[in-house]
Structure formats: C-alpha cells, structure tokens
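K.L.:
Here the protein sequences come in this chain order: A and B.
First residue of the first sequence? That's 8 in the working numbering, and the numbers climb one at a time after it.
First residue of the second sequence? That's 34 in the working numbering, and the numbers climb one at a time after it.
Simulated from the structure, these hints should not be mistaken for lab results.
None of the values given here were measured: they were computed from a predicted structure.
Take these hints with a grain of salt, some might be off.
Said to hold, decoys possible - Partner residues aside, some chain B positions facing chain A, computed with beta carbon under 8 Å: (1) 76; (2) 79; (3) 107; (4) 109; (5) 110.
Stated by the list, open to error - Subject to a maximum C-alpha distance of 30 Å in a straight line, what follows is the list of computed BS3-like cross-link-like pairs (lysine-lysine): (6) 62/B x 134/A; (7) 90/A x 62/B; (8) 67/A x 38/B; (9) 121/A x 48/A; (10) 29/A x 48/A; (11) 67/A x 90/A; (12) 29/A x 62/B; (13) 95/B x 29/A; (14) 121/A x 95/B; (15) 107/A x 48/A; (16) 90/A x 107/A; (17) 115/B x 62/B; (18) 115/B x 141/B; (19) 103/B x 107/A; (20) 134/A x 132/B; (21) 14/A x 140/B; (22) 121/A x 110/B; (23) 67/A x 107/A; (24) 54/B x 29/A; (25) 140/B x 110/B; (26) 43/B x 115/B; (27) 14/A x 134/A; (28) 126/A x 62/B; (29) 107/A x 95/B; (30) 90/A x 82/B; (31) 103/B x 14/A; (32) 137/B x 54/B; (33) 132/B x 38/B; (34) 115/B x 14/A; (35) 140/B x 54/B; (36) 54/B x 141/B; (37) 82/B x 48/A.
All C-beta atoms, glycine included, are put in the ideal place defined by N, C-alpha and C.
Each chain, letter by letter, is given below.
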Amino acid sequence: MPPQPQKIDLTTLEPRHLVALKEQIEEELQNFAQSSITLQKAAGEFGTSGRSLESLSEQKEGQPMLMPLTSSVYVAAEVASVKTVLLDVGTGYYIEKSPKEGVEYCRRKVQMLKDSLDKIGQIMRDKQQQLQIINTEYNARARAQQQRA
Amino acid sequence: MDVAKMESMKQAFQTEANAYKQLQADVAKNHTARQQFIQQQQENDMVLKELEMLEEDANVYKLIGPALVKQDPVEAKSNVSKRLEFIRGELGRLDSQLKNYEEKQQKKGQQLAKMQTDIQALTQSAASAVAQA
C-alpha cells in the first residue's frame with residue numbers, strides 16, 4: 008500500500024494516542040531494521056558470488072579443484088569449462104553468460120541492494136526523528152500533568 | 034418495558050459486530066495477498082530487465098521441476114511480460130476490493146455506533162422507569 012503522507016498535530020492528541028503512535032513507529036522501525044539486515048545479507052552473498060566468478064574466470068579448463076559436496080566434504084574435480092556460467096535471475100529463469108558478464112551481473116545486484124539499503128536508511132532516520140518528536144511531546148505533557156497535580 | 038425488544042436489539046448488535054469482525058479479517062487477507070503479489074511483481078520485474086539486456090542468441094533456461102529446460106529468449110520475455118500483466122491485474126483487483134471493504138467497514142462502524150447509543154438510551158429509560166416504580 009502506498010504510504011499516505013499525513014500531518015498530525017501532536018498537541019491535539021490524547022496521551023494514549025501518543026503512546027499508540029509511538030509504539031506504531033517503533034514497530035515500523037523494527038521491521039525496517041529487519042529488512043535492512045536481510046538486504047545486507049543478500050548483498051554480501053552477491054559479493055561472494057561475484058568474487059568466486061572472478062577467480063573462476065582466471066582458471067583454465069582442466070584445472071584440478073576440490074568441489075564442496077557439503078560444507079565439510081570435498082571431492083577432487085576438474086574445471087570443465089570456464090567459458091559460460093548459468094545465472095539464476097529469479098522466478099526459475101537461468102541465463103547462460105560468460106563469467107565476466109556474471110561478475111557484472113553480481114555487481115549490478117549489489118549496487119541495487121545498496122541503493123535500497125540507502126533508501127531504507129533514509130526512511131529509518133526520518134522515523135527516528137518522528138519518534139523523538141513524539142517522545143519530547145509526551146514528556147512535556149507528562150511534566151505539565153505533574154505540575155497541575 | 035419490553036424485554037423482548039431489548040433482547041432483539043442486542044442480538045442484532047451482536048450480528049453486526051460479527052459482520053464487522055469478518056470485514057476486518059477480509060481486509061487482513063487482502064493485505065497478505067497484496068504483499069505476495071508485490072513481491073512477485075518485483076522479482077518478475079528484475080527477471081524481465083535481465084532478459085531485456087540479452088542478445089538474441091543468448092541461452093535461457095527455465096527450471097521446471099528439477100530440470101533446466103532451454104527456452105527461446107523472445108518467448109521467455111513474453112512469458113514474463115504476461116506474468117507481470119497478470120500480477121498488475123490482480124493488484125488492481127485487490128485495490129478495488131480493498132476500497133469496497135473500507136467503505137463497507139466505515140458504514141458498519143457508523144451503524145454499530147448508532148445501535149450502541151440506541152441500546153444505551155433504552156437501558157437508561159428502562160432503569161429510570163424501574164426507579165420511578
């Protein structure tokens with residue numbers, strides 16, 4: 008759903024609404040933090056893939072290597088071809104490309120993820136600011152209440 | 034004071050309240066479905082962009098079950114475009130559905146508030162009648 012920009016005059020809100028608003032923003036912040044962790048992980052994975060491809064393109068055909076079957080079991084193998092690699096581009100589609108193009112692809116993906124991360128970071132800063140404003144207002148309200156009592 | 038009238042009002046209120054809850058559940062369901070489609074849309078968008086960058090003689094495969102099956106790049110592109118079109122259509126449908134739900138929800142909310150005040154008024158008049166007697 009597109010976020011609806013709306014201005015709320017905090018001074019007109021009741022304290023319990025302030026608290027609700029605060030909780031809502033805190034929850035949103037948490038979701039964004041979660042997303043940015045996921046994005047960072049994905050960016051890291053694409054970075055690793057890119058580096059692997061780079062080293063693969065420097066190898067020659069017939070070069071002996073150890074292939075991981077699991078994370079701790081390896082078998083001796085030979086590089087059969089360094090001409091093409093298959094890239095998983097999503098929704099079940101794989102594209103045959105040269106390793107160089109593969110590296111390019113990984114770099115593009117990392118860049119895209121970084122852009123998203125920047126966007127999320129900006130949103131998080133905005134939300135944090137909102138949260139601060141709400142907190143200030145809430146505290147001011149609490150003090151006023153105390154003075155009246 | 035007719036107790037029967039009071040009872041039927043309360044019952045009607047309960048029915049309406051349940052309908053309201055049902056609406057809320059529908060809205061939540063709509064939301065989940067929408068998120069799924071948005072996710073698919075983004076993934077398909079990405080795939081389409083990659084496919085568009087390809088040369089005509091590029092090799093494209095599709096994972097069907099456990100097997101990779103070779104596809105014609107042009108055909109693959111049109112398939113993904115079709116898929117995107119379908120997703121867009123679904124998103125539009127969900128949008129209008131949500132609007133419909135929201136309108137209904139607002140109406141129901143007003144109706145519920147009115148019924149509540151009616152019941153309160155009736156209870157009060159009954160109470161004062163008892164007090165006078």
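K.L.:
Confirm or reject each hint.
P.N.:
Hints, verified against the model:
1. 76: holds, 5 Å
2. 79: Given a least distance of 6 Å, the restraint on residue 79/B holds.
3. 107: This hint is violated: residue 107/B lies away from chain A, its Cβ roughly 13 Å from the closest one there, beyond 8 Å.
4. 109: holds, 6 Å
5. 110: This hint is violated: residue 110/B lies away from chain A, its Cβ roughly 10 Å from the closest one there, beyond 8 Å.
6. 62/B x 134/A: holds, 27 Å
7. 90/A x 62/B: violated, 48 Å
8. 67/A x 38/B: violated, 90 Å
9. 121/A x 48/A: holds, 11 Å
10. 29/A x 48/A: holds, 29 Å
11. 67/A x 90/A: holds, 10 Å
12. 29/A x 62/B: holds, 26 Å
13. 95/B x 29/A: Answer violated: residue 95/B to residue 29/A is near 47 Å, above 30 Å.
14. 121/A x 95/B: holds, 28 Å
15. 107/A x 48/A: Within the cut-off at roughly 23 Å; holds.
16. 90/A x 107/A: holds, 9 Å
17. 115/B x 62/B: OK: residue 115/B and residue 62/B at ~25 Å, within 30 Å.
18. 115/B x 141/B: violated, 39 Å
19. 103/B x 107/A: Holds, because 22 Å separates the two Cα atoms, which is no more than 30 Å.
20. 134/A x 132/B: holds, 27 Å
21. 14/A x 140/B: holds, 25 Å
22. 121/A x 110/B: holds, 27 Å
23. 67/A x 107/A: holds, 14 Å
24. 54/B x 29/A: Status holds; Cα separation ~26 Å.
25. 140/B x 110/B: violated, 45 Å
26. 43/B x 115/B: Outside the cut-off at roughly 52 Å; violated.
27. 14/A x 134/A: holds, 14 Å
28. 126/A x 62/B: Measuring from Cα to Cα gives roughly 28 Å; hence the hint holds.
29. 107/A x 95/B: It holds: about 22 Å lies between the C-alpha atoms, which stays within 30 Å.
30. 90/A x 82/B: Holds, at about 23 Å.
31. 103/B x 14/A: Distance ~53 Å between residue 103/B and residue 14/A Cα, so the pair is violated.
32. 137/B x 54/B: It holds: about 12 Å lies between the C-alpha atoms, which stays within 30 Å.
33. 132/B x 38/B: Not satisfied, since the Cα-Cα distance of roughly 35 Å exceeds 30 Å.
34. 115/B x 14/A: This hinted pair is violated, its Cα atoms lying about 40 Å apart.
35. 140/B x 54/B: holds, 13 Å
36. 54/B x 141/B: Roughly 10 Å separates the two Cα atoms, so the pair holds.
37. 82/B x 48/A: holds, 23 Å
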